[in-house]
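Enquirer: Use the sequences and the hints to build the structure in full.
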Amino acid sequence: MPPWSDFEPFIVSGLALGGVYALSGVGLVVLYRATGVLYLAFGAVGAMGALVAWSLINKAGTPGWVGWLACIAVAAALTFGYGLIFGPALARRDPLVKAVATIGLTLILYGAMDLLWTTSGGQARSLALPTDNGGFAIAQIQVTWTQVIALAAGVVITVATGMFLRYTKLGTAMRAMANDREITATLGVPVRKVEAAAWLGCGVLAGIAGLLLADLVALDATTLTFLVISSLAAVLIARLRSIAVTFAAAIVVGLLHDLLTPVTSLTNYRDMTPFVLAAAALLVMPRRRVMTQSREEA
Amino acid sequence: MRAHRTALLAAVIALAAAGCSSSSNSSSTGSTNTSTAASSSAPAGTSSASTSATGTSACGTKPGVAATGTPIALGAIATNQPGTSFTDIPNMANAYFACVNANGGINGHPIKLYIETEQTNPGQIAADAKQLVQTDHVVGIIGNTSIIECSIDSSYWQKLGYYIIDSGIAPECYSTPNSAAVNMGPRYSSDGAVQYALSQHVSKVVFDQSNVPGTGYIGAGPAALAKAANVPIVQLTENVPITDANSVAIKEVDDAGPNGAVVLNFTPPEALIILQAAQKLGLENRVKLWGCSTPCNTDFLAQSLGPKWNNKLFVNAELTPPDGTSTTTMNLYKAILSQYGKAVQGGIGSFSQMGFTEAEIAVHALETITGDYTVASVNAAFKAVSNFDTGMLCQLWTYGSYPLHIPNNEDYTVTPNNGQMTTAQGCTPISSVDPQIAQYRSAAGTAAAAPAS
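Protein sequences appear in the order of chains A and B. Letter by letter, the first sequence follows residues -16 to 281 in my numbering. Letter by letter, the second sequence follows residues 14 to 466 in my numbering.
It is worth saying that the hints were derived from the structure and are not from the lab. This one's a predicted model, so the numbers in the text were calculated from it and none came from an experiment.
Label-pair distances were calculated between CB atoms; the ranges are:
{"hint": "1", "chain 1": "B", "residue 1": "P416", "chain 2": "A", "residue 2": "M255", "range": "39 to 49 Å"}
{"hint": "2", "chain 1": "A", "residue 1": "L99", "chain 2": "B", "residue 2": "S339", "range": "27 to 37 Å"}
{"hint": "3", "chain 1": "A", "residue 1": "A72", "chain 2": "B", "residue 2": "Q144", "range": "34 to 44 Å"}
{"hint": "4", "chain 1": "B", "residue 1": "V78", "chain 2": "A", "residue 2": "L99", "range": "33 to 43 Å"}
{"hint": "5", "chain 1": "A", "residue 1": "V139", "chain 2": "B", "residue 2": "G229", "range": "41 to 51 Å"}
{"hint": "6", "chain 1": "A", "residue 1": "Y252", "chain 2": "B", "residue 2": "N431", "range": "40 to 50 Å"}
{"hint": "7", "chain 1": "A", "residue 1": "M255", "chain 2": "B", "residue 2": "N243", "range": "34 to 44 Å"}
{"hint": "8", "chain 1": "A", "residue 1": "G64", "chain 2": "B", "residue 2": "K172", "range": "52 to 62 Å"}
{"hint": "9", "chain 1": "B", "residue 1": "P416", "chain 2": "A", "residue 2": "P113", "range": "49 to 59 Å"}
{"hint": "10", "chain 1": "B", "residue 1": "A356", "chain 2": "A", "residue 2": "P71", "range": "35 to 45 Å"}
{"hint": "11", "chain 1": "B", "residue 1": "A356", "chain 2": "A", "residue 2": "I166", "range": "48 to 58 Å"}
Computed cross-link-like contacts, DSS-like style, restricted to lysine-lysine with a CA-CA straight-line distance of at most 25 Å:
{"hint": "12", "chain 1": "A", "residue 1": "K42", "chain 2": "B", "residue 2": "K321"}
{"hint": "13", "chain 1": "B", "residue 1": "K355", "chain 2": "A", "residue 2": "K42"}
{"hint": "14", "chain 1": "A", "residue 1": "K152", "chain 2": "A", "residue 2": "K176"}
{"hint": "15", "chain 1": "B", "residue 1": "K355", "chain 2": "B", "residue 2": "K75"}
Here a beta-carbon is modelled for each residue, glycine too, at the ideal position from N, C-alpha and C.
Expert: Printed below as a string of structure tokens:
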């Protein structure tokens, strides 16, 4: 086992990675709680937005802030458009069907990105934010303001969304609709408008996440599209319900993942961390508790 | 609640599917070289060293006269999948052939290149080979660039008597009698990067590469070089796509130490992720130098990294650096790319240089044939290519009758310089300490250096 000093830098990097997982995971849970859809295209729409931003900044020469806003706008428009077109048709379908339908969107976007922003010929891209240039050092590791913002964004989004869903009329309507769309509609809630708001909000979150992750992880369609899979571990640990637990689980997953890096015998297996933790959580968390929670929420 | 449980199940399935797929992506194909070499015995006017601009008409023997004879069918197989596309190589070869066809062809015959793409599926790759032979009736294979094609089709080509001119990745591209590559491939390119680091007297080498099939084969070369230099080497592998670049960079730097070197063997996007993470964490100066195999040799990477990596990152380069090189061959390459290379998405760079080089070797060979263009005559001509000056490589290129082929075994080293890769070290032979290189030189000898331009 390496000395403790060897682990210190990985606490910093682990928190950053946890923040990355949290950004995606929180977005997934928000939309699920609002619409009942497990939105697996979350990463792909963020990636698409980030690549559009890259093109605007590097090819069209627009100012950085225009590109950043475009990233959020593209992700929001794609998600909103998908929700508007396919949301009503899928509303009465099984959640599994709804989730698989978003995989369809993922693959379409992934193919389009591969076509439009090819990696053929050794092409590599990056999207740097001005906040990369400042920061402070911990354990001989430079921490950028972008990493701090990402972690803070996770906290802010978690708190704000939790309060929104709990205390606002629209949030209450979203929660009610996620549980039973039909009953909610009979109560006079304008379900189409509520769903549209949920999709739009999720799209904005995907855009923000895409922008930050393009800087923190990579501006690469494959990486950003499938990053959401690792975030699913945190979502599963939170049972697709608690935004706060999702955030905490994401941080734990990121920390544990990186703390395994200096352990020679385990370093090659560290990428299994999210999946092992998710499986363990599903096995350990008592089934009865889930049922109880479900009844309470129903 | 039933709905909620189903959604939970969907998430579990997605997670499990991701877990099963593990790592993907490729390693390198690498190739980018630099040379001050000019072309020489080139067939259709690609030779000689001159700094004058070259029009595309120089690619053929009858400028402006379109070839109208019976087409000579050639074939190529290239990987083309999300995140990994090598189609620029056969597409550039095709651009060269289009130029030749527009300027007299091969004794009046145009060349038709059939390009098959594959997604790292052995069954599909075997079917592609049969498609080319049995349906398209190709008489030669040139431009192959695939992660596993050499491994799958090698025995098939040997059985039918095809002698492939390709850009290699898999071990069989270099270790069999029927494949000769214009590039070094990931192993020898990594050798070159590690060799440069050792020449700078580093105290330790950390060699990190994608966790894909063949890492043991690739790592054996750098391990042999480090052992011979009595320098400890740590070998790491990373699952790709990399999502935890920070921890990867920290581990590399910690393992290498302040007087050590970190040498990467990844595709450009993955290498960029690691190098940018190192930069953001302030780690770039915590080791003596960083190295990278050929895939890093792109201006895309140099532009994305910025000036902090000038003379800090040293990249193996297998082909003449196009930036600032103005030989006749290089000018012809750029002119053909401009006029005929619409399908070459990466533009100027090592991949298109490889396609150009393979095509010019093929054209040179085809022009030596006096009779019919058959499988026997074309492959005999390919095999007979000897001491050909491509204008793109350090050495003269030879196919020959050898049990293995590593005809490109001298490299350049380049470093980022304000958004471009510039030469840091000229042509340097890959050390024979690598047993494969020693075996090749034992069989084929050491090729002569290409004439300086």
